[in-house]
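Below are the chains, spelled out letter by letter.
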Amino acid sequence: MTHELIIMSETTTSNKVTNFIKNLDVSSADFQQRAAERLGELDFPTTRDEYWKYTRLGKLTKLELSKFADPDKLNLTKHIISNDYIVVVNGFVREDLSQFSKLDFEIDFLGSDRMAKEHYFDKNLNKKDVFSSINSAFFEKVISIKVGANKINKGPLQIIYVSKGDQIISNTRLYIEAGKSSQSEIIQTFISKESTDSFTNHVTEAYVSENSHLKINKAQLEEGSNSIISTEQVHQERNSVFKINTITLSGALVRNNINISVTGENCETFMNGAVITKDNEVVDNHTFVDHQVPNCMSDENYKYVLGGKSTGVFNGRVVVQKDAQVINAYQNNGNILLSDYAKINSKPELEIYADDVKCSHGSTTGQLDDEAIFYLQARGISKENAKKLLVRAFIGEVIESFENEHFENYINEQLAEIHDWRN
Amino acid sequence: MSKTLLDIKNLHAEIEEEGKAILKGLSLTVKAGEVHAIMGPNGAGKSTLASVVSGKDGYEITEGSIEMDGADILELDPDERAKEGLFLAFQYPVEIPGVSNINFLRTALNEIKEYRGEEQISAKDFMAMVREKSSIVELDPKLASRSVNEGFSGGEKKRNEIFQMAMLEPKVAILDETDSGLDIDALRIVAAGVNKLKNENNAVILITHYQRLLDYIVPDFVHVLADGKIVKTGDKTLALELEEKGYDWLNAEA
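Protein sequence lines, in the order shown, are assigned to chains V and R.
Under our numbering, the residue at position 164 of the first sequence is numbered 164, and the numbers go up by one with no gaps.
If you count the second sequence from 1, you need to add 1000 to reach our numbering.
FYI, nobody ran anything at the bench for these hints, they're computed from the structure.
Any given hint could be a false lead.
Taking lysine-lysine and the DSSO-like style, the derived pairs with C-alpha atoms no more than 27 angstroms apart in a straight line are [what the hints assert, rightly or not]:
#1 K1236(R) / K383(V)
#2 K278(V) / K53(V)
#3 K322(V) / K243(V)
#4 K309(V) / K193(V)
#5 K309(V) / K388(V)
#6 K388(V) / K1236(R)
#7 K388(V) / K1056(R)
#8 K1142(R) / K387(V)
#9 K141(V) / K117(V)
#10 K1113(R) / K388(V)
#11 K1009(R) / K388(V)
#12 K1056(R) / K1245(R)
Covered stretches of chain V (chain R as the covering partner; in silico rule of three or more C-beta atoms under 8 angstroms from a C-beta of chain R) [what the hints assert, rightly or not]:
#13 154 to 161
#14 207 to 213
#15 392 to 405
Glycine included, C-beta positions come from ideal geometry on N, C-alpha and C.
With the sequences and hints as input, model every part of the structure.
In structure tokens, the structure reads:
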């Protein structure tokens, strides 16, 4: 009897990933076959893994997820904030719902066979990471965006990712090559429509060439019981500027892994984030900037406003390699807990192997200032609205860093809708 | 006879956590068109009175009543009291980074208007109002659009308080030590602002340590608050007497 039990538990452990993907078919393409094979050797991380210490995956990995190509027409009007947009439903690109000109961006939807020929594709992803490996094995088409050399894009390209239906997995993959001296902006909005217990497993790979500017504005608005894990693998070459702004307003479990390798001198890297929760959300931002070369700067600012019984995790890792002198790296994480049950785990990780370096980090956690609330109330503003004004002020600098009026207005609308805010 | 705007009767209040009694049977009646000055030594309960009337958390009213314009306000939240026409100019105005002075005032004004069933103010009318009212206290309109009190000098903060009073047009304004920390020029500007704003339909209560403010805003009544109640009431000459003799002679008299 005892013997049988042991065998069972061993079997369960080694088959957790296999079990998770059991409803998913692998394409016949070599690349995806190989990725699927790798999954047999991988397991889901637990809180014993330092990288996942504060975020439990149990609920997510027990879901019985499947793929579903939803054919329905969707009204996405209020989510469209750019002239050029691509709609992806449950991981399937919906060209019938999309609208974009190819003048500014070279946009293709490509299978893995074709993508595997791209020099940079899949090159820097951590093959031990189970979620990006699942993505590699099961994505439908890669959205490949190439910005030609010297191209300056006037309007951003928006990608709207929709989860629709129950217990659906969307493995969405984005590949960006920002050509030399180009300038571009990508907006990603993750939303759901009549959807529960679904999971978006996203991977972005971005190559930011010499002298180019690339900005990604990302809004995570999946509702209720839906979850997102998003991995961004970014490679920066000399004199480039990369900015990524992430705002999370809802979702059961939202995890962002932003990994940036700075491989050329005179680069600038900006990461901003805002998280606003009200129920049981778990929102975990892990960022990693690897300064491999001298004369660069990185600047990071994440703000959390946590209500209800939600949990926030911030882990900001900065590595300055041995010969990477004259690096300025700034990191700030500010948190406000709106309830006695909300929780934040904040951890800076600075690993500095060079000696001529300026690094700073700060983390503050507190509550809204009662004196300020009373002051606003004494002027006739209700307590509820006074709190919202203060929260809005707290995340204000992150919202300003979007540097996109349409995106900012959209976020304000979503704050009104999801968090019942008045502007 | 003019209308009673604020009627405080036998008010007893204590600090909630400590159970320490601060106000011990304070009564005060303020009518439309009047200016009252409340003076008294440190620790007499002057600022507690301002806090309790405006509804700040942390105090327990154990006895007595506060009515505004005939209605009991004790059960109202601070914002509802403001909506009923009460204004408190803070002794120490709070700095609120990221909240613009103008935006928050517009939010406040519109909330008050909504409460009173009035129409919302248009952006254009509001900006015209900001220009007009900021000139009353010679407040640089640029300050009006900055974050609330952030980086303001002491004098600018106090002028900002009176600017807000001008914008919200309260029935009863309590100015809690508005003169403290002001140099003579700033004091003159603030006082001139208050004088412009007072009329036969509103009332002003000045809480102050010093007589000098009363040279510029002339009170109809001067009250001495000591040990939680009003121990003496007189006209403006009482303030001069207090300035000269201090507060000790009152104890001797009592």
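Hint by hint, here is what the structure shows:
Distance hint between K1236(R) and K383(V) is unfulfilled; the C-alpha atoms sit about 39 angstroms from each other, more than 27 angstroms. Of the supplied pair hints, the one linking K278(V) and K53(V) holds, its CA atoms being roughly 22 angstroms apart against a limit of 27 angstroms. Annotation: proposed proximity of K322(V) to K243(V) holds, straight-line Cα distance about 25 angstroms (limit 27 angstroms). At most 27 angstroms may separate the alpha-carbon atoms for a hinted pair to count; K309(V) and K193(V) meet this at roughly 24 angstroms.
With a C-alpha separation of about 18 angstroms, the suggested pair K309(V) and K388(V) falls inside the 27 angstroms cut-off, and the hint holds. A C-alpha spacing of about 44 angstroms is found between K388(V) and K1236(R), which places the hinted pair above 27 angstroms, so the restraint is violated. Taking the CA atoms of K388(V) and K1056(R), the gap is near 19 angstroms; set against the 27 angstroms cutoff, the hint holds. At most 27 angstroms may separate the alpha-carbon atoms for a hinted pair to count; K1142(R) and K387(V) meet this at roughly 25 angstroms.
Proposed proximity of K141(V) and K117(V) is supported: the alpha carbons are some 14 angstroms apart, at most 27 angstroms. As the CA atoms of K1113(R) and K388(V) are separated by approximately 19 angstroms, the hinted pair is consistent with the 27 angstroms bound. Of the pairs offered as hints, the one joining K1009(R) and K388(V) is violated, with about 36 angstroms between alpha carbons and a cut-off of 27 angstroms exceeded. For the given pair, K1056(R) sits about 34 angstroms from K1245(R) by alpha-carbon distance, which is inconsistent with the 27 angstroms threshold.
Interface restraint, the segment 154 to 161 of chain V with chain R: violated (0 residues with C-beta to C-beta distance below 8 angstroms; minimum three). Under a criterion of three residues with beta carbons nearer than 8 angstroms to beta carbons of chain R, the stated coverage of the segment 207 to 213 of chain V fails, only 0 such residues being counted. Against chain R, the segment 392 to 405 of chain V contributes 5 residues with a C-beta closer than 8 angstroms to a partner C-beta. That satisfies the three-residue criterion, and the hint holds.
In the structure shown, a violation is registered for the earlier hints numbered 1, 6, 11, 12, 13 and 14, in ascending order.
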